[in-house]
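Novice: Which chain is which? The protein sequence lines are A and B, in order.
Counting along the first sequence from 1, when you hit position 197 you're at 197 in the numbering used here, and nothing is skipped either side.
Add 204 to the 1-based position in the second sequence for the numbering used here, that's all there is to it.
Don't take every hint at face value.
[As the list claims (entries may be wrong)] Derived CB-CB ranges, DEER-like:
1) I277(B) - Q135(A): 34 to 40 Å
2) R298(B) - G91(A): 57 to 63 Å
3) E175(A) - K322(B): 29 to 35 Å
4) E175(A) - E275(B): 29 to 35 Å
5) I277(B) - V154(A): 44 to 50 Å
6) F210(B) - N173(A): 24 to 30 Å
7) R298(B) - F125(A): 37 to 43 Å
8) F125(A) - E275(B): 33 to 39 Å
9) T262(B) - K112(A): 32 to 38 Å
10) F125(A) - E286(B): 46 to 52 Å
11) K225(B) - V120(A): 51 to 57 Å
12) G258(B) - T110(A): 55 to 61 Å
13) A312(B) - G157(A): 54 to 60 Å
Since the hints were derived computationally from the structure, they do not count as laboratory data.
Since the structure is predicted, the reported quantities are computational estimates derived from the model, not experimental observations.
Note that beta-carbon positions come from the ideal geometry of N, C-alpha and C, so glycine has one too.
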Amino acid sequence: MPGIIGKKIGMTSVFSAEGKNIPCTVIEAGPCVVTQVKTSEVDGYEAIQLGYGERKEKRTSAAMKGHFKKAGTTPKIKTIEFKGFEDKKVGDSVDVSLFAEGEWVDVTGTSKGKGFQGVVKRHGFAGVGGQTHGQHNRLRAPGSIGAASTPSRVMKGMRMAGQMGGVRVTTENLEVVKVYPEKNLIVLKGSVPGAKGSIVTINK
Amino acid sequence: MNAIQFVENDLSSNNNIPDFKAGDTIAVDYKIKEGNKERIQTFQGVVLQRRSSGNTETFTVRKMSGSVGVERIFACNSPFIEGIKVTKKGHVRRARIFYLRDLTGKSARIKEKIVVKK
Chain A
1 MPGIIGKKIG MTSVFSAEGK NIPCTVIEAG PCVVTQVKTS EVDGYEAIQL
51 GYGERKEKRT SAAMKGHFKK AGTTPKIKTI EFKGFEDKKV GDSVDVSLFA
101 EGEWVDVTGT SKGKGFQGVV KRHGFAGVGG QTHGQHNRLR APGSIGAAST
151 PSRVMKGMRM AGQMGGVRVT TENLEVVKVY PEKNLIVLKG SVPGAKGSIV
201 TINK
Chain B
205 MNAIQFVEND LSSNNNIPDF KAGDTIAVDY KIKEGNKERI QTFQGVVLQR
255 RSSGNTETFT VRKMSGSVGV ERIFACNSPF IEGIKVTKKG HVRRARIFYL
305 RDLTGKSARI KEKIVVKK
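Chain A with its partners taken away, still in its complex shape (with noise of 0.2 Å):
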């Protein structure tokens, strides 16, 4: 699906006609440059990757530099393929003019890191639940992995703790609020994974 890539700049309320307060975050997003496109002839599939923000000359790597010379552009920050987009050429910007208000979006980011979590809070388990009949030092413990001789081992994908957060999250079904084109912003109403300053994807 068409998309663009954007930074996270934070979140926001705002009260609808109705009165009724909306949470919102706000992303800035674009203007993107279509760095390359990929062919079925030449890559066995269509796609355009776009790149977004500006990355130091010093700080590229000369194949990088070779790659965005190529497209006749600065070094970007990021580059990601998308597909779906039509008649686009190398050089050719993309900006936030592709979303209108109404529509329904999915975002991408990169969520929040968490560091190393019990289950409780990692899978959402209720705990022991009491203080009493002998409970010391288990409040939060997973409880039982499992059965003893049959099958005599832990079963795979048991949730246990472990890291949490720092994963690739999409959410999806997000309402385009609001697009201000001569400011590269978007609004949608809901929560975006990631820190503020975070790379997002934003795809239709």
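We have chain A; now place chain B onto it with these hints.
Specialist: Quick look at chain B alone, frame taken from chain A:
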């Protein structure tokens, strides 16, 4: 002006609420919809706190209804706020006066702030 402020200025109704802070006694005229009729209800009490900033700013008002304390939180930019009247300026030493919840009777009074006009 940053992007968030730009969006807030563009999308919010921006109530012109008077200047007040914790300890002040205010009367909030609040629009209430009943079916398709609209009426105005006044909630008068002491401001416990103002929190957050920009479009998400809210304030908490506490009043005593008989012997029961009632608190209401209003959004500063809510379109249902018809008007706010500051009836008394209070002299308090903190920005959030939650200690007031534990006080009753004479000790729950707040000294009036004497505003000296220059």
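Novice: Take the C-beta atom of I277(B) and the C-beta atom of V154(A), compute their distance, and say whether it sits inside 44 to 50 Å.
Specialist: holds (48 Å)
Novice: Can you let me know if the beta-carbon spacing of F210(B) and N173(A) is within 24 to 30 Å?
Specialist: The hint (24 to 30 Å, Cβ to Cβ) holds, given that F210(B) and N173(A) are roughly 26 Å apart.
Novice: Please test the hint of 29 to 35 Å on the beta carbon pair from E175(A) and K322(B).
Specialist: Since E175(A) and K322(B) have Cβ atoms about 51 Å apart, the given range 29 to 35 Å is violated.
Novice: Can you let me know if the beta-carbon spacing of K225(B) and V120(A) is within 51 to 57 Å?
Specialist: violated (39 Å)
Novice: Taking the CB of R298(B) and the CB of F125(A), does the distance hold inside 37 to 43 Å?
Specialist: holds (40 Å)
Novice: Regarding T262(B) and K112(A), is the given constraint of 32 to 38 Å on their beta-carbon distance met?
Specialist: violated (25 Å)
Novice: Would you say the C-beta atoms of E175(A) and E275(B) sit inside 29 to 35 Å of each other?
Specialist: holds (32 Å)
Novice: Return holds or violated for the Cβ distance of F125(A) and E286(B) against the range 46 to 52 Å.
Specialist: This hint holds: roughly 48 Å between Cβ atoms.
Novice: Hint says 57 to 63 Å; check whether the CB-CB distance for R298(B) and G91(A) agrees.
Specialist: Since R298(B) and G91(A) have Cβ atoms about 59 Å apart, the given range 57 to 63 Å holds.
Novice: Quick check: does the Cβ-Cβ distance between A312(B) and G157(A) fall within 54 to 60 Å?
Specialist: holds (58 Å)
Novice: Look at the Cβ atoms of I277(B) and Q135(A) and judge whether their distance stays inside 34 to 40 Å.
Specialist: holds (37 Å)
Novice: Using the beta carbons of G258(B) and T110(A), state whether their distance is inside 55 to 61 Å or not.
Specialist: Given range 55 to 61 Å: violated, Cβ gap about 26 Å.
The structure is inconsistent with the numbered hints 3, 9, 11, 12, although it conforms to all the rest.
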